[in-house]
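Sequence order for the protein chains is Z and S.
When the first sequence is numbered by the working numbering, its final residue is 72 and no position is left out of the sequence of numbers.
When the second sequence is numbered by the working numbering, its final residue is 345 and no position is left out of the sequence of numbers.
Don't read these hints as lab results, they were simulated from the structure.
Model, not experiment: these values are computed from the prediction.
Do not take every clue at face value.
Partial list, derived from the structure: chain Z residues whose beta carbon lies under 7 Å from chain S [to be verified]:
| hint | residue |
| --- | --- |
| 1 | Y33 |
| 2 | E44 |
| 3 | I57 |
| 4 | T62 |
| 5 | M69 |
Computed footprint of chain S on chain Z; a stretch qualifies when at least three of its residues, placed anywhere within it, have a C-beta under 8 Å from a C-beta of chain S [what the hints assert, rightly or not]:
| hint | stretch |
| --- | --- |
| 6 | 16 to 24 |
| 7 | 35 to 43 |
Heads up, incomplete: computed chain Z residues facing chain S, CB under 7 Å, no partners named [what the hints assert, rightly or not]:
| hint | residue |
| --- | --- |
| 8 | A6 |
| 9 | T29 |
| 10 | G32 |
| 11 | V66 |
| 12 | G72 |
Don't be surprised by glycine CBs; every beta carbon is placed ideally from N, CA and C.
For reference, the chains in residue letters:
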Amino acid sequence: MTAISVRINNEMTTLPRGLSVSALLTRLGYQQQNFAIAINETFVPRSQYATTLIQADDTLEIVAPMQGG
Amino acid sequence: MNSFSELSNPMQWDIGGKRLNSRLLIGSALYPSPQAMQSAIEASGAEIVTVSLRRQSAGDQAGKTFWDMIKALDCHILPNTAGCHSAKEAITTAHMAREVFETHWIKLEVIGDQYNLQPDPFELVKATEVLVKDGFEVFPYTTDDLVLAQRLVDAGCRILMPWGSPIGSGKGLMNPYNLKAIRMRFPELTLIVDAGIGKPSHAVQALEMGYDGVLLNSAVALSPKPIAMAKAFQSAVKAGIYGYQAGTMPERDLAAPSTPVIGTPFWHQK
Chain Z
4 MTAISVRINN
14 EMTTLPRGLS
24 VSALLTRLGY
34 QQQNFAIAIN
44 ETFVPRSQYA
54 TTLIQADDTL
64 EIVAPMQGG
Chain S
76 MNSFSELSNP
86 MQWDIGGKRL
96 NSRLLIGSAL
106 YPSPQAMQSA
116 IEASGAEIVT
126 VSLRRQSAGD
136 QAGKTFWDMI
146 KALDCHILPN
156 TAGCHSAKEA
166 ITTAHMAREV
176 FETHWIKLEV
186 IGDQYNLQPD
196 PFELVKATEV
206 LVKDGFEVFP
216 YTTDDLVLAQ
226 RLVDAGCRIL
236 MPWGSPIGSG
246 KGLMNPYNLK
256 AIRMRFPELT
266 LIVDAGIGKP
276 SHAVQALEMG
286 YDGVLLNSAV
296 ALSPKPIAMA
306 KAFQSAVKAG
316 IYGYQAGTMP
326 ERDLAAPSTP
336 VIGTPFWHQK
């Protein structure tokens, strides 16, 4: 099995196994710097994108600045 | 409360390691347009603006556009953890906010009840303990409960933000007695009334009782004239601070004439 299922911003998707967060962001087209990521409700610092691998059934949140009170 | 005698300008105060000149903290949501948001924040004179984080897909430029507009205001940024319902969610959101907004300030919101958006006191304290240890300056959105305030101080908070009334209700200060009690019990703490402010007079009331500032959003953003209302709040916080500094007269149950009675015409000893 070379593909895994993950949930990104509440949408299910299929990815190749062994993808790093950096590779995932490139694949999805995230280019700007103004976002942050959590995997399974745990923050992943930008410095760990290259070394953090996406696992099967992971839940990712990718967030950016928004209006707030 | 910052001591007025130490400051040449009564409006000046210190919060989270910054010296500011406005007692107003303002939100960036609910305005009729991004331009109205920018103009209203400018008109308010506020130096701290609250922002948030939300899911965003690749290629969506909304977040970048908003962030560019906020950066142009040159204000201090106070990210919130709005929408979080557990300490775990709030802690993770705070860390994401620190990376995105490059600030260790966090407006910590952990909601315990969806009906009135009341903070969950247990999860709030739990999240505060972790975030203070992680180096955050925590601005906790809390109720006006004195014991909860003490727990937050014990956890390391130097700032407390008790609610005036539920978020977005515009009901003002529901329980002035509780707010005054917190002020009296923690004279050295920076206190901000957060949430429920609906009118400029509510802001005056908070500052007159010795609060250091007020945080509001809906009162300006939902006004038919947000920019004019922002100016009204700028004046209100000044009035409140100057009033508090001057000190109010003692309240009396009976009337006392202000015009001298000696020499009153048509008056005769009986």
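Evaluation of the provided hints:
1. About 5 Å separates the beta-carbon of Y33(Z) from the nearest beta-carbon of chain S, less than 7 Å, and the hint is met.
2. For E44(Z), the suggested interface contact is upheld, since its CB lies about 5 Å from the closest CB of chain S, less than 7 Å.
3. At about 15 Å, the closest approach between the beta carbon of I57(Z) and any beta carbon in chain S exceeds 7 Å, and the interface hint on this residue is violated.
4. Nearest Cβ of chain S to the Cβ of T62(Z): about 12 Å, over the 7 Å cut. The hint is violated.
5. Checking M69(Z) against chain S by beta carbon gives a least distance of about 4 Å; that is within 7 Å, so the hint holds.
6. For the stretch 16 to 24 of chain Z, the assignment as covered by chain S is violated, since 0 residues bring a beta-carbon within under 8 Å of that chain's beta-carbons and 3 are needed.
7. By the rule of at least three residues with a Cβ nearer than 8 Å to a Cβ of chain S, the coverage given for the stretch 35 to 43 of chain Z holds, with 6 such residues.
8. Interface hint status for A6(Z): violated, as the beta-carbon distance to the closest one in chain S is roughly 20 Å, over 7 Å.
9. Hint on T29(Z) is violated. Least Cβ distance to chain S is approximately 10 Å, over the 7 Å limit.
10. For G32(Z), the interface hint holds, since its Cβ comes within 7 Å of a Cβ in chain S; the closest pair sits about 4 Å apart.
11. For the restraint placing V66(Z) at the interface with chain S, the shortest Cβ-Cβ distance is roughly 4 Å, inside the 7 Å limit, so the hint holds.
12. Interface restraint check for G72(Z): the shortest CB-CB distance to chain S comes to about 3 Å, inside 7 Å, so the restraint holds.
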